[in-house]
Amino acid sequence: MHLPHSAELAASIVELVETTSTNDELVRRAAGGTVPEFSVVLTTSQTAGRGRLGRSWIAPPGKTLAVSLLLRPLHPLGAPLGMEHFGWLPLLAGVAMTRSIARLLPEHRVTLKWPNDVQVDGMKIAGILAELLPAEPAVVIGVGVNLAFEREELPTETSTSMLLDGAQLSGDELVDAVLSGYLREFAALYRTFLDRGADPDASGLRAALLALCSTLGQSVKVQLPGDALLFGEALDVDSDGRLLVRDASDGVIQAVAAGDVTHLRYE
1 MHLPHSAELA ASIVELVETT STNDELVRRA AGGTVPEFSV VLTTSQTAGR GRLGRSWIAP
61 PGKTLAVSLL LRPLHPLGAP LGMEHFGWLP LLAGVAMTRS IARLLPEHRV TLKWPNDVQV
121 DGMKIAGILA ELLPAEPAVV IGVGVNLAFE REELPTETST SMLLDGAQLS GDELVDAVLS
181 GYLREFAALY RTFLDRGADP DASGLRAALL ALCSTLGQSV KVQLPGDALL FGEALDVDSD
241 GRLLVRDASD GVIQAVAAGD VTHLRYE
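The sequence shown begins at 1 in our numbering and counts up one residue at a time.
These aren't lab readings, by the way, just hints derived from the structure by calculation. Keep in mind it's a predicted model, so treat the numbers as computed, not measured. A few of these clues could be false.
[Said to hold, decoys possible] Simulated DEER-style distance windows between Cβ atoms:
{"hint": "1", "residue 1": "P4", "residue 2": "G32", "range": "26 to 34 Å"}
{"hint": "2", "residue 1": "G82", "residue 2": "P60", "range": "38 to 46 Å"}
{"hint": "3", "residue 1": "G62", "residue 2": "Q223", "range": "26 to 34 Å"}
{"hint": "4", "residue 1": "A11", "residue 2": "S219", "range": "40 to 48 Å"}
{"hint": "5", "residue 1": "P76", "residue 2": "S12", "range": "23 to 31 Å"}
{"hint": "6", "residue 1": "L74", "residue 2": "L169", "range": "30 to 38 Å"}
{"hint": "7", "residue 1": "T156", "residue 2": "E18", "range": "18 to 26 Å"}
{"hint": "8", "residue 1": "T158", "residue 2": "R246", "range": "22 to 30 Å"}
{"hint": "9", "residue 1": "R191", "residue 2": "D236", "range": "20 to 28 Å"}
{"hint": "10", "residue 1": "A207", "residue 2": "P76", "range": "15 to 23 Å"}
{"hint": "11", "residue 1": "T47", "residue 2": "E157", "range": "22 to 30 Å"}
{"hint": "12", "residue 1": "S12", "residue 2": "E136", "range": "17 to 25 Å"}
{"hint": "13", "residue 1": "A79", "residue 2": "E150", "range": "47 to 55 Å"}
{"hint": "14", "residue 1": "D201", "residue 2": "P36", "range": "28 to 36 Å"}
[Stated by the list, open to error] EDC-like, lysine to aspartate or glutamate: derived pairs with alpha carbons at most 16 Å apart:
{"hint": "15", "residue 1": "K124", "residue 2": "E150"}
{"hint": "16", "residue 1": "K124", "residue 2": "D165"}
{"hint": "17", "residue 1": "K124", "residue 2": "E157"}
{"hint": "18", "residue 1": "K124", "residue 2": "D260"}
{"hint": "19", "residue 1": "K63", "residue 2": "E153"}
{"hint": "20", "residue 1": "K63", "residue 2": "D176"}
{"hint": "21", "residue 1": "K221", "residue 2": "D247"}
{"hint": "22", "residue 1": "K221", "residue 2": "E233"}
{"hint": "23", "residue 1": "K124", "residue 2": "E153"}
{"hint": "24", "residue 1": "K63", "residue 2": "E152"}
{"hint": "25", "residue 1": "K221", "residue 2": "D250"}
{"hint": "26", "residue 1": "K63", "residue 2": "E150"}
{"hint": "27", "residue 1": "K221", "residue 2": "D260"}
{"hint": "28", "residue 1": "K63", "residue 2": "E173"}
{"hint": "29", "residue 1": "K63", "residue 2": "E131"}
{"hint": "30", "residue 1": "K63", "residue 2": "D172"}
{"hint": "31", "residue 1": "K63", "residue 2": "D24"}
Where a beta carbon is used, it is the ideal one built from N, C-alpha and C, also for glycine.
Model the full assembly from the supplied sequences, consistent with the hints where possible.
In structure tokens form, the structure reads like this:
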């Protein structure tokens, strides 16, 4: 695969013809601390990928981009970033990928559904899954992007692809454009976030998220850990990255740190 623009931005890029999961592959390679930060593993044929809540994420070869990015976040003075700040990293990835895709689809509305789905005109085009390394303060951020699905191949009725939305590029050129745009946006947001002490307000990250977040103002259903359901109105994202939802049953505002969100207008 020829990815000249992406190669300039990543510490290293490992391109796999096929793999079960780019996240699993990068976690395995990164064990022991020798793989540098901002290393990338990617494929266009992932056979056992995962989404949120353990859902499988599999696509025919060549139809999607699965890319994983290694982060070893440090404060400006070199101390590891506290785990309490790690929740902002997948949100940062969502902002970066939303901006990358928006640049390639200028005639469409590209937004981020909290916490992990990039949407084009309300239809899912990309998803994000972050996984911690087991023995060190590091994280792998995985992103899957629908590149070349035809309509009858889409995994759900609320999905779309770069092809269907009129992307002018294809093949390696499209992969390189999506990935390089993502890495460039990610690096700028990440550097500022760390330089400002992982403060999402001082770094501008929270404002960037709020500007792109399609969930705010929506009536939502949130499937919480343990399968409890919360129905209400999504109001805001707080400084910890949690979605603030006004419970429709009693008006109490709940802070949701993790959950699967459905915008009820799509049901």
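Any hints this thing doesn't respect? Which numbers, in order?
-> Numbers 29, 31, in rising order.
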